[in-house]
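Those sequence lines, one after another, are chains U and F.
To convert a position in the first sequence, counted from 1, into the working numbering, add 93.
To convert a position in the second sequence, counted from 1, into the working numbering, add 59.
Since the hints were made in silico from the structure, they are not lab data.
Warning: the hint list may mix true and false statements.
Said to hold, decoys possible - Heads up, simulated SDA-like pairs for lysine to any residue below, C-alpha to C-alpha not over 20 Å straight-line:
| hint | chain 1 | residue 1 | chain 2 | residue 2 |
| --- | --- | --- | --- | --- |
| 1 | F | K81 | U | D295 |
| 2 | F | K76 | U | D243 |
| 3 | U | K365 | F | P251 |
| 4 | U | K364 | F | K76 |
| 5 | F | K81 | U | R304 |
| 6 | F | K89 | U | S246 |
| 7 | F | K88 | U | Y305 |
| 8 | U | K361 | F | P251 |
| 9 | U | K365 | F | K88 |
| 10 | F | K89 | U | I301 |
| 11 | F | K89 | U | T231 |
| 12 | F | K76 | U | E245 |
| 13 | U | K201 | U | T231 |
| 14 | U | K365 | F | L256 |
| 15 | F | K88 | U | S246 |
| 16 | F | K81 | U | D298 |
Computed from a predicted structure; not experimentally measured.
Okay, here's what each chain looks like letter by letter:
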Amino acid sequence: MFGFVTVAPALLSAEQKTRYRARYCGLCRSLGQYCGASCRLLLTYDLVFLEMLLASVYELPEKSQSRRCIAHPVRPHSEIRTAASDYAAAINVLLFHDKLLDDWHDDKNPAALAAASFYRGKYAQLQQQYPHQSQAITHCLTELGAMERDGESNPDLPAGCFGRLMGELLVMHDESGPLEEALHDFGQWLGRFIYLMDAVTDLHDDLIRERYNPLVFLPQGEIMDVLELTGGEVMRRFRELPVTTDRDIMEHILCAGIWGNYHTRMQKYAKKGQDTVHGKKPV
Amino acid sequence: MAKSPYEILGVSPNATKDEVTKAYRKLAKKYHPDLNPGDEAAARRMSEINAAYDDIKNGRTSSSYGSSDTSPGSSRSSYPSYSSGWEQYQRSRQESAADDYATLDSVQAYIESDQCEAAILLLNTMRHRNARWYYLSGIANYNTGNSVTALRHAREAVRLEPGNAEFRRVLNEIEASGEMYRTYQNENGYTPIAVGLCCSLACSSCMCGACIAGLSPICVCCP
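Chain F extracted, bound-state conformation:
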């Protein structure tokens, strides 16, 4: 039997929101890859912790799992929690898949008529998430400026159905922005070292009022 989200975070199921957040941040400090570079086990543990936190925050814990208490207004619930994907899949299989196909068609209709926010609301009410769900969510989130979710979901769609050319095309389109940006960076002579050079070495010109008073939030130094 898999551990419950509360067990993963090491808190009691009756823990308050603050206690859960505190426990989560403590564990993040211990296992986050940024503080444990190259440690595969820590990275795996961190994604487990993230999924558990996300499940608790969105009310997808064992007792309420599968009940439709994810509020449709919160696009939080659109955030995938991969570790619980299988469980979710098993449950949703028992529900009518036909309804879901009909709903995904309405989602597509919303997207096509440029009502992506409505599409996201509808997507978030669905429990069964297949490749097409992720594909449509990727498009809808991209069009509403949710770049983080858009990229994750477009990638998830391709991961679930690598052979689908349309899913691949949309992912490429979304990823093209990043490539374009790197090109622009090269055109502007961007290198991490040059950009990070603080002129504190020779900061003769840095005499602005803010710097003199030491109030400038961060002295990246006057040009």
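Same shape as in the complex, but just chain U:
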């Protein structure tokens, strides 16, 4: 479910890549400073998008600087940070802690439990700081886990559940106004889109491993129609947001980059000679 909301590097200009990368580095820096160096390992692309979007709609001032870091000790690189970087960093840790616990419950993966307990201290602190968001995460992931264990046959239900989670995460400030409502609405659709995208990417593997996948219940030819329909709803709501900066990069992410995992996986199957087509019409 994580790592989908990212860019397709091959389709970005050099300038766009530099800017995206600077935000990525800025978020990494925030994670380190705000949550502890170990939290940097949790960094995901999805949260870069969150930071970019919030900074853009709230017109947050950018602090940019060039420096070296532990991952790039030789070559200095630029970093862009905003007030949203700290928020995205906190959400990143909250999300991952619960995701790790979930993996432990589902797969009894001891590494996940170990990692979750490693981050427990920081998690407890952030939980107090963002009670609203952390409750939403815990609640929705629990509900989602129950639906998946139960073998829910209507894909709208788990997708809607993940949508609710994403909707809550896009509301950075507790006060609510028209902008927060629009962000919440956009987040709900984005969450549904990510959930379905994750499902279609894993469909082949889930079938073979006899695991839950909501799209098993859907006739093959409808899968892409549903994804494109949901993507269209995401874009419609994105266009309604008062985005001031980086519109091009964010639209690129929502229209192209978000398909990256899916097509990387499909190309992997093609290489292996495994024939799998989810009714995707040739583009």
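Place chain F on chain U using the hints.
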């Protein structure tokens, strides 16, 4: 006599939920079109299996068929099971159709007053599903963000009554989002190959902390 859902899944009627799910996943592995590209027979078998699983999950098996035990709170029951549609139709014919018309009018009233969730709850209590039922369900589900059900039901309404211009208009409206999305994709230079290119070929910039530690969930590579 048609096979019962349990026979289709090859489990006993007393099977536990887990046994049913297990049997279903085994059969899905065998017949799902994704693993059997181009095999029409497998695709037909899969839709039969899906319908059987859905029937069992929602308590629509032969013994309880037609009894109103589908919980109104579950929008699961709004999911169509096409194979059992005829049987459902036969049974519901014996019930009063007049009531259903009245109920569909209330559903429409809910939709018009922007209470789509209430409309869905009401729709799910109805056993007789005609074209108008699917049409209204399509609208209500679309407005509540249930894109999967919305598209299926709007299409089903048009399939049942191809000549109805209003049904067609709503389906077009729902499908327009997908078309709009494809346009945006083209504007952004989207092609499956470019998007799926992993820069592992020349991944010099991919040196983020997560990647170094091998903990990045999926390295789609740093731009």
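Violated hints - listed by number, lowest first: 4 and 11
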